[in-house]
Structures are given as structure tokens and as C-alpha cells.
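S.K.: Residue numbers (the numbering used here), protein chains in the order written: chain V, 1 to 94; chain D, 1 to 225.
Be careful, since some hints might not be right.
[What the hints assert, rightly or not] Derived lysine-lysine pairs resembling DSSO-like cross-links, with alpha carbons at most 30 Å apart: (1) D:LYS102 to D:LYS36; (2) V:LYS74 to D:LYS36; (3) D:LYS120 to D:LYS109; (4) D:LYS153 to D:LYS109; (5) D:LYS120 to D:LYS98; (6) V:LYS6 to D:LYS109; (7) D:LYS36 to V:LYS9; (8) D:LYS98 to D:LYS109; (9) D:LYS102 to D:LYS202.
The hints are simulated quantities; they were obtained by calculation from the structure and are not laboratory data.
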Amino acid sequence: MNPRAKVEKFLDNASRSRLMVYACVLGLIGLALMSWSLFDQGWIPVMAAMSVGQGIGTLSFALFLVIVIIDLRKAEFRPSIPSQPMKPIKSEDD
Amino acid sequence: MHVSPLSWIALTCAIVAAVIMVYYLIYRPPLNGRVKALMMLAVGVLPIMTAMIGNLEGLAATEHQAFCGSCHTMDMHIADANDPDSLSLAAIHSRTIKFGDKSCYVCHKDYGMFGYAMTKLGGMGHVYMFLSEFAWYDMEEALPKIHIARPFKNDNCMQCHSTTGRIWNGVADHNGLLEDLRTGTTSCASAGCHGYAHPFSKPDEETPSDVEAHSALEAPSPEGT
Numbered sequence: 001m002n003p004r005a006k007v008e009k010f011l012d013n014a015s016r017s018r019l020m021v022y023a024c025v026l027g028l029i030g031l032a033l034m035s036w037s038l039f040d041q042g043w044i045p046v047m048a049a050m051s052v053g054q055g056i057g058t059l060s061f062a063l064f065l066v067i068v069i070i071d072l073r074k075a076e077f078r079p080s081i082p083s084q085p086m087k088p089i090k091s092e093d094d
Numbered sequence: 001m002h003v004s005p006l007s008w009i010a011l012t013c014a015i016v017a018a019v020i021m022v023y024y025l026i027y028r029p030p031l032n033g034r035v036k037a038l039m040m041l042a043v044g045v046l047p048i049m050t051a052m053i054g055n056l057e058g059l060a061a062t063e064h065q066a067f068c069g070s071c072h073t074m075d076m077h078i079a080d081a082n083d084p085d086s087l088s089l090a091a092i093h094s095r096t097i098k099f100g101d102k103s104c105y106v107c108h109k110d111y112g113m114f115g116y117a118m119t120k121l122g123g124m125g126h127v128y129m130f131l132s133e134f135a136w137y138d139m140e141e142a143l144p145k146i147h148i149a150r151p152f153k154n155d156n157c158m159q160c161h162s163t164t165g166r167i168w169n170g171v172a173d174h175n176g177l178l179e180d181l182r183t184g185t186t187s188c189a190s191a192g193c194h195g196y197a198h199p200f201s202k203p204d205e206e207t208p209s210d211v212e213a214h215s216a217l218e219a220p221s222p223e224g225t
């Protein structure tokens, strides 16, 4: 199976709510690391916040975007209704 | 511990985001449009705000002595710089308001267009060296091994001491070595001149005598230097 087919299969079968749970858990870990550096400005918290914390936060947001993509793939887009052709104006002579 | 107003804004964003995420984890509402908009706020907008403010505050924190001193191998350097009785260059400069709490950064940073980025890259090198080697040493083992990565540039001294002032040029040694000092051939912080900035970390024979140290202390005021 080629990579594209794998991704499509994943997007077809993935559970949105489970992805959202992972996104929330990762988001909470990332936020904890980023918040730690606001109060303790030693090298460990600052480096952790600006590397690991932001990396985990980005992964969390990426999972949310995957959910959006899944929804967009399943969404049914109705075609726009074509406008009615204008009726010819009858002259009073007719 | 000082927490700036920006940090409080970042913390507020983090708390609001965390509350929304915990709410989702507990109640698991169906992911309709409204919930997704809320989650966009919780995992996207608010954490990005926290991260951006965290970057600003984090980068600002790297300029303070507390950050440099958070590695145990810098304990003696920080203690000496803050010692009111010390006559080292680091201590003399740290006592002035222009250096103060940021004395490590003001002296050791690179100046110029890419100075900030180069300083941060250098700092990453320090983190690597600390994690790979110095973290495992106690102070006695570490002190003889600590050395500056490359010779200290006179350009850094010349950010304040322009070498054009009347009083500075009135010193015979300055006048005689003017070109060498400006080009960096002779270091201001060498044993024969003002001595090492952190003399306690050098062998005795390399450090200036008390007389030299006192003459450095009695150097003219920055005006005219």
C-alpha cells in the first residue's frame, strides 16, 4: 500500500473523538511545560518550554487539524443554485 | 521571583485553554461545529498566545544572571560578580547600573547585526557542553576545565570604552597600544593589562597583582573613556 493510500485509509477510519482526546492530553502537557517557564526561569524550564513544550503543543494542534480534514472529507457540499434566467420583458404593443 | 504582566496574560490563556480541554476530556461532547470552534480556541489560539509570550519572556530571561547561574558550574562566577568586596573586572562592572543583573550577557554577547542570533547559538553550545560533560562534575572538578570558547573580543569592551576619550587616552599604556587594542591584538582582559574578568578561575601566576587590581578599580569614570 502506498503512503497516500495509507493516509486516506487512516483518514477514513480514524475516530475523531479519540484524536481529540489525544490532542487535549498533549495540549495539557505542552501548556504545563510552557507555563512552568513563566515562573521558573532557569535553563531547564526555559529550554523545555521553547523546545519540548512547543513541539508537543504543535503536535496537539496538528491532531486537531487532522480532525478538521476528516470532517471536510466527509462533508457534503451542495452545489450552488443557479440563478433564474431573466424573463424577456414583453412590450405593451404585444 | 518577578512575574511580568505579560506572563500573567500567558498564564491566563493557558488556564482558559486547560479548562476547556479538561471539560472536553470529562464530558466528551459530540464534535459539532460549536464544540470544534471551542476546541480551536483551546488547542490552537490560546496555546499559541502562551507560546508566543513564553518565547518573549524566555528570551528575555536568558539575559539575566539567574539564567546563567542556574547551571551549578557558574556558581562561583556569579558569586564573584555579585561580591561587593571583589575587585575582579566582572564584579566592578556588575556593580554599575548598565550591567547589573545582566552583566554576564552584556559582556559576553556578540554585537552587530546577527549578534543576538549568534549569542543564542553560542548559548546552545553551552547547553550541549553542560549536558554532555560539565553536569557530572562538581565545582572543584569543573573550575579548571571552564574556559571561554574563543578569546574575549575587545569590541565588547569598546561598546562603552570607545578608546577615543581624553581621559582614556591619557593613560600611557592605552596610548602606546591604541591600534593593538582596537584591532584586538592585545586583550584588555589579559594578565598584563586589566587582568582576567574572573581571576579566581585562573592559576595565581596568571592573575594580576593586588596593586594592578586596585589600579583597575580606580580607573577613571566612564565619561571620557
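S.K.: Would you pick out the hints that fail for this structure and give their numbers low to high?
M.R.: Those not satisfied are hints 1 and 6.
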